[in-house]
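Visitor: As you go down the protein sequences, you meet chains A and B in turn.
In the working numbering, each residue carries its 1-based index in the first sequence increased by 4.
In the working numbering, each residue carries its 1-based index in the second sequence increased by 1270.
Since the hints were derived computationally from the structure, they do not count as laboratory data.
Do not take every clue at face value.
[As the list claims (entries may be wrong)] DSSO-like, lysine-lysine: derived pairs with alpha carbons at most 27 Å apart:
#1 Lys72(A) with Lys46(A)
#2 Lys1374(B) with Lys103(A)
#3 Lys63(A) with Lys1325(B)
#4 Lys1336(B) with Lys108(A)
#5 Lys1374(B) with Lys46(A)
#6 Lys103(A) with Lys83(A)
#7 Lys63(A) with Lys1311(B)
#8 Lys67(A) with Lys1374(B)
#9 Lys83(A) with Lys72(A)
#10 Lys63(A) with Lys83(A)
#11 Lys1325(B) with Lys103(A)
[As the list claims (entries may be wrong)] From the structure, some residues in chain B lie toward chain A, with a derived Cβ separation under 10 Å:
#12 Cys1283
#13 Ser1360
#14 Phe1361
#15 Gly1380
This structure is a prediction, so every number in the text was calculated from the model and none was measured.
Don't be surprised by glycine CBs; every beta carbon is placed ideally from N, CA and C.
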Amino acid sequence: EDQVTQSPEALRLQEGESSSLNCSYTVSGLRGLFWYRQDPGKGPEFLFTLYSAGEEKEKERLKATLTKKESFLHITAPKPEDSATYLCAVQDSGGSNYKLTFGKGTLLTVNP
Amino acid sequence: GAVVSQHPSRVICKSGTSVKIECRSLDFQATTMFWYRQFPKQSLMLMATSNEGSKATYEQGVEKDKFLINHASLTLSTLTVTSAHPEDSSFYICSARRGGTNEKLFFGSGTQLSVL
């Protein structure tokens, strides 16, 4: 059974204070690892897809990296508007129809 | 970017009534849509996979007679919570799969269901 564990559960940063969120996963075969941002009362918003170990992707202040066991979402010089819950999800290569297994998320709060 | 519209965003109903939630892909055809449930501070839990023109595939432990899913067209899937009870209160989120070379999953904005 696929498993996704995210840490920390919550993270509070000062504006400009860089940090990283962790996503550890267990799958029989990884087809893709996904990062989403979720604001309160909203659906997840797609950020990145990573497919193989060593891959990195960037978008503004966010950078996602992937190893064979975990993924990191690095946040550089965050701003208050980056406050949200960040979700990690994996798709098993044996799965079909794009089924994703999600972690519980990391609640990020960036104080001005 | 692709948009998935979900309605209503919030619904309050009495115990025993049925509630229908709609999920539409606005600018692409979605042969596959997914329905998730999310409790506070918990991860999204897949309830069922909806394929256009065929019966939905339900995850283990999800009652198919309680959560009726219809995917009658390539742009619309509906979830009906039948005879809702307070324990069905949750945040329900749909997603639609856009296929092709840049395959992605897009999410609706969610529906907060409160059953009194």
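Visitor: With reference to the structure, classify each hint as holding or not holding.
Guide: Outcome of the hint check:
1. Lys72(A) with Lys46(A): Distance ~31 Å between lysine 72(A) and lysine 46(A) Cα, so the pair is violated.
2. Lys1374(B) with Lys103(A): With Cα atoms ~11 Å apart, lysine 1374(B) and lysine 103(A) stay inside 27 Å; holds.
3. Lys63(A) with Lys1325(B): violated, 38 Å
4. Lys1336(B) with Lys108(A): With a Cα-Cα distance of about 25 Å, the restraint between lysine 1336(B) and lysine 108(A) holds, given a limit of 27 Å.
5. Lys1374(B) with Lys46(A): Answer holds: lysine 1374(B) to lysine 46(A) is near 18 Å, not above 27 Å.
6. Lys103(A) with Lys83(A): violated, 32 Å
7. Lys63(A) with Lys1311(B): Distance of about 26 Å is within 27 Å: holds.
8. Lys67(A) with Lys1374(B): Between lysine 67(A) and lysine 1374(B) the Cα gap is close to 19 Å, so the pair holds against 27 Å.
9. Lys83(A) with Lys72(A): Violated. Lysine 83(A) to lysine 72(A) sits at ~30 Å, over the 27 Å cutoff.
10. Lys63(A) with Lys83(A): holds, 14 Å
11. Lys1325(B) with Lys103(A): Given pair lysine 1325(B), lysine 103(A) holds - Cα atoms ~16 Å apart, limit 27 Å.
12. Cys1283: violated, 18 Å
13. Ser1360: This interface hint is violated because 13 Å lies over the 10 Å limit.
14. Phe1361: At about 8 Å, which falls below the 10 Å cut-off, the nearest Cβ of chain A leaves the hint on phenylalanine 1361(B) intact, so it holds.
15. Gly1380: Hint on glycine 1380(B): holds, closest Cβ of chain A at ~5 Å, below 10 Å.
Checked against the numbered hints above, the structure breaks hints 1, 3, 6, 9, 12 and 13 and satisfies the rest.
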